[in-house]
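A.B. asks: Chain residues, written in single-letter form:
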Amino acid sequence: MSEDAIELSRKRSEDYDEIRSFIKGEIASFDRLVIKYKDKIFNLCYRFLTDYDDADDCAQEVFVNVYRSLKNFRFEASFSTWIFKIAVNTCRNKLVSADYRRKKKMVSLGSPVDSTGENDCVLEIGDERLSPQVQAEKEEKDKAIEEAISSLPQDQKEIVVLREIEMLSYEDISRATGLNLGTVKSKISRARQSLAEKLRGQV
Amino acid sequence: MECRDVKGLLSDYIDQVLDKQTEDLARGHLMSCKACSLELENMKAGISKIRALNQIKAPEDFLQKVKTRIQEKSEFERIVSKIFSTPKIRIPVEAVGVFVTVVLVVAVFRFINPEGKPAYYPQVNEQIISQPVKPVEYPAPRDLFKVKKPVPVVTTTENFNIQARRSDVLKNAPAQGLGIEKIATVEQDKKLLQKGGTWGSYSDGSIARTVEPVKESLADKKPEVLLTIDSAKVSLSESVAKIRAIIETLSGAVESVEIDGSGVKNIISVKIPTITYARFIRELSRIGTAQVGVFSVKLQEKYLFLKVEIAVSQ
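If you're matching them up, the sequences are chains A and B in order.
Numbering (my numbering) for the first sequence: 1 to 203.
Numbering (my numbering) for the second sequence: 1001 to 1314.
There's no promise every hint is true.
[Claimed, not checked] In the DSS-like style, the derived pairs of lysine-lysine whose C-alpha atoms are separated by at most 25 Å in a straight line are:
| # | chain 1 | residue 1 | chain 2 | residue 2 |
| --- | --- | --- | --- | --- |
| 1 | B | Lys1067 | A | Lys38 |
| 2 | A | Lys24 | B | Lys1065 |
| 3 | A | Lys143 | B | Lys1067 |
| 4 | B | Lys1057 | A | Lys85 |
| 5 | B | Lys1057 | A | Lys38 |
| 6 | A | Lys85 | A | Lys157 |
| 7 | A | Lys11 | A | Lys38 |
| 8 | B | Lys1044 | A | Lys141 |
| 9 | A | Lys141 | B | Lys1065 |
| 10 | A | Lys141 | B | Lys1073 |
| 11 | B | Lys1265 | B | Lys1302 |
| 12 | B | Lys1057 | A | Lys40 |
| 13 | A | Lys40 | A | Lys85 |
| 14 | A | Lys185 | B | Lys1049 |
| 15 | B | Lys1049 | A | Lys40 |
| 16 | A | Lys36 | B | Lys1057 |
| 17 | B | Lys1067 | A | Lys198 |
| 18 | A | Lys185 | B | Lys1044 |
| 19 | A | Lys143 | B | Lys1044 |
| 20 | A | Lys36 | A | Lys11 |
| 21 | A | Lys71 | B | Lys1082 |
| 22 | B | Lys1007 | A | Lys40 |
| 23 | A | Lys138 | B | Lys1065 |
| 24 | A | Lys157 | B | Lys1057 |
| 25 | A | Lys198 | A | Lys38 |
| 26 | A | Lys24 | B | Lys1044 |
| 27 | B | Lys1049 | B | Lys1065 |
| 28 | A | Lys71 | A | Lys24 |
| 29 | A | Lys11 | B | Lys1265 |
| 30 | B | Lys1073 | A | Lys24 |
| 31 | A | Lys198 | B | Lys1044 |
What the hints contain is simulated information worked out from the structure, not anything from laboratory work.
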C-alpha cells in the first residue's frame, strides 16, 4: 500500500471514530469534524457561488445538514466524499434558489456582461474579506483565474473546483456529483481545454 | 495517432488515467508534435494556476455560527412539531388486528350480500305477500325505531262494566263477527261520545268501540316455520308475554295481537330486524307453547314483518 493510501485510510478511520462518538452522544466530536472540514467546505462553496456571504451561509447549511444526517451515516464511503456530496447538493440548491437568483441579478446590473453570456456569477472584486492578507499582485492573478473559472458552464465549474481546487479523485467526484466516471472525465477535459484557452497569456 | 485524437486525451494524460498502450501512443505523438506538446504545457500551466489559488478560509466564528443555526432550527422544529403533533395513543397490535378483521368480515359480507339478507332468510311465499290478508299500517321509516304500543283488538266482553255489557251492540259484537277496540278513557275521547258513536266502557273507565276484526285467515297457509310441543301446558297469555319479551330483546316491535274468540289461538304481528330472524326462531322454540307458526309478511328496509300464530292445546 502506498503512503498516500495509508494516509487516506488513517484519515478515514479518524473520521469514522468521530462519527461513532457523535452517534453515541459526544457533541464535541461534531465540533472537531466542523473544525477539520470547515475551510475545505467553505472554499468549495465560495468557488461555486463566488460570493463570500453566500459561501458563508451555504457552508453553515452544509454542516447543519451533516449534523442532522450524521446518525444515518453508513460507513461505506469516506466522510470527506460524503460531506462533499452534501456540499455540492447544497450549493446547487442555493444556485437555483429564488433569493440567490434575485441577488445575483441585482449585483449584475452594473457589471460588464460576459461575451459568452454564460457568466451568471460575477465575482465580488471589491470585497475586502476575499483575501485581506494577500499581496496585490497575487490578487490580480487570482482574480483573472477566478473569472475564467466563473465563466465556465455550471456543470464544468463544479468538476473543475472538485478536481483542481479540492483535489478529489475522479471516483470521488463521480460520487459527489452523481455523474458517471466517463462523464466526469469528458467534462474535466473540456473544462481544462477551455481554461487553458482563457488563461493563455493572460497571467 | 492524429493531433485531434491526442488533444482529446491530454486531460487524462496529465492525470495518468490512460491505459498503458494509449499513454505510450500519446507520449510518442507529443514527443514529435510541437503543437500538441505546447497544448499540453498550456493545459498543465492552467491547472497549476488554478491549484495555486488562495484557499478562502471560513471565518473564525464559523463553528459558533453553525451551532447557533442548529440550535435555532431545532427550536423551530420543536415548536412546529408541538403544534402539529398528534396525541400519542398506544393502541395494542391485537386490538388493531381484531378491528381490521371485523371490518374485513363486514366488508366481505356486504359484498356478497349487499341487501343485508342473512343466509337463513326464510323462503317467503310470494303468494302470501302479493295477496296480503289485510293491509297493515306500518310506521314511517323514521318511526321504525320507536317502540309502538300495540293496540289490541279484543273480542270478549268479560271486562266490560254493566253499562257496556247491557249495550246490545257491544254484547252482540263477537257473535256478529266484530271486534271491540279499547281506545281511550272517557275523558280523553269526548269527541267520540259527542258524536254518539257506538261505544261502551270497560271497568277501568276506558271506552271501547266495535271494529271490523282483522280477518286474516292463516289457516290455509303454510307457515315457514312450525314449532310444536305435544305436551306443552303454557297458556296463551303467557306465550304472548314471552314473545313480547323476545321481541323487546331483539329491538323489534309488536304491531298487534289478534285474539281469537276460541281462546286457543292468537296471532301476533311483529317486526324484527332481519338479521335477528334465526335468533327469533330459536327463542320461539324455547317458550314452550304447544304450537307456533311463523309467516313472513314482507321485508321493508332492514326489518322483517312476521305474523306469529300461537296455539295452545285444547
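A.B. asks: For each hint, tell me whether it holds in the structure or not.
C.D. replies: Hint check results:
Note on Lys1067(B) and Lys38(A): the hinted pairing holds, with a Cα-Cα distance of about 13 Å set against a maximum of 25 Å. Annotation: proposed proximity of Lys24(A) to Lys1065(B) holds, straight-line Cα distance about 23 Å (limit 25 Å). At most 25 Å may separate the alpha-carbon atoms for a hinted pair to count; Lys143(A) and Lys1067(B) exceed this at roughly 33 Å. Straight-line distance between C-alpha atoms of Lys1057(B) and Lys85(A) comes to about 19 Å, which keeps the hinted pair within the 25 Å bound.
The suggested pairing of Lys1057(B) with Lys38(A) holds, with an alpha-carbon distance near 8 Å, which does not exceed 25 Å. Restraint check: the Cα-Cα separation between Lys85(A) and Lys157(A) comes to about 15 Å, which is no more than 25 Å; the hinted pair holds. Restraint check: the Cα-Cα separation between Lys11(A) and Lys38(A) comes to about 16 Å, which is no more than 25 Å; the hinted pair holds. Pair hint Lys1044(B) plus Lys141(A) holds up; C-alpha atoms about 17 Å apart against a cutoff of 25 Å.
Between the alpha carbons of Lys141(A) and Lys1065(B) the distance comes to roughly 32 Å, so the proposed pair goes past 25 Å and is violated. Pair hint Lys141(A) plus Lys1073(B) does not hold up; C-alpha atoms about 40 Å apart against a cutoff of 25 Å. Between the alpha carbons of Lys1265(B) and Lys1302(B) the distance comes to roughly 29 Å, so the proposed pair goes past 25 Å and is violated. Under the criterion of a C-alpha separation no larger than 25 Å, the hint pairing Lys1057(B) with Lys40(A) is consistent with the structure, at around 8 Å.
At roughly 13 Å between alpha-carbon atoms, Lys40(A) and Lys85(A) fall within 25 Å of each other, so this suggested pair holds. The hinted pair formed by Lys185(A) and Lys1049(B) meets the criterion: a straight-line CA distance of about 20 Å does not exceed 25 Å. Proposed proximity of Lys1049(B) and Lys40(A) is supported: the alpha carbons are some 18 Å apart, at most 25 Å. With a C-alpha separation of about 12 Å, the suggested pairing of Lys36(A) with Lys1057(B) holds against the 25 Å cut-off.
At roughly 41 Å between alpha-carbon atoms, Lys1067(B) and Lys198(A) are farther apart than 25 Å, so this suggested pair is violated. Pair hint Lys185(A) plus Lys1044(B) holds up; C-alpha atoms about 16 Å apart against a cutoff of 25 Å. Our distance criterion of 25 Å between C-alpha atoms is met by Lys143(A) and Lys1044(B), whose separation comes to about 19 Å. Between Lys36(A) and Lys11(A) the alpha-carbon distance is near 11 Å, which keeps this suggested pair within the 25 Å criterion.
At most 25 Å may separate the alpha-carbon atoms for a hinted pair to count; Lys71(A) and Lys1082(B) meet this at roughly 23 Å. At most 25 Å may separate the alpha-carbon atoms for a hinted pair to count; Lys1007(B) and Lys40(A) exceed this at roughly 32 Å. A distance of roughly 30 Å separates the Cα atoms of Lys138(A) and Lys1065(B); the hinted pair therefore is violated under the 25 Å criterion. Restraint check: the Cα-Cα separation between Lys157(A) and Lys1057(B) comes to about 20 Å, which is no more than 25 Å; the hinted pair holds.
A hinted pair counts as satisfied when its Cα atoms are at most 25 Å apart, and Lys198(A) with Lys38(A) does not qualify at roughly 31 Å. The straight-line distance between the Cα atoms of Lys24(A) and Lys1044(B) is roughly 47 Å, outside the 25 Å bound, and the hint therefore fails. For the hint linking Lys1049(B) to Lys1065(B), the alpha-carbon distance of about 32 Å lies beyond 25 Å, and the restraint is violated. Among the hinted pairs, Lys71(A) with Lys24(A) is consistent with the structure: their alpha-carbon atoms are about 9 Å apart, no more than 25 Å.
For the hint pairing Lys11(A) with Lys1265(B), the CA-to-CA distance comes to about 102 Å; that exceeds 25 Å, so the pair is violated. Note on Lys1073(B) and Lys24(A): the hinted pairing holds, with a Cα-Cα distance of about 21 Å set against a maximum of 25 Å. A hinted pair counts as satisfied when its Cα atoms are at most 25 Å apart, and Lys198(A) with Lys1044(B) qualifies at roughly 13 Å.
Consistency with the previously given hints fails for numbers 3, 9, 10, 11, 17, 22, 23, 25, 26, 27 and 29, ordered from lowest to highest.
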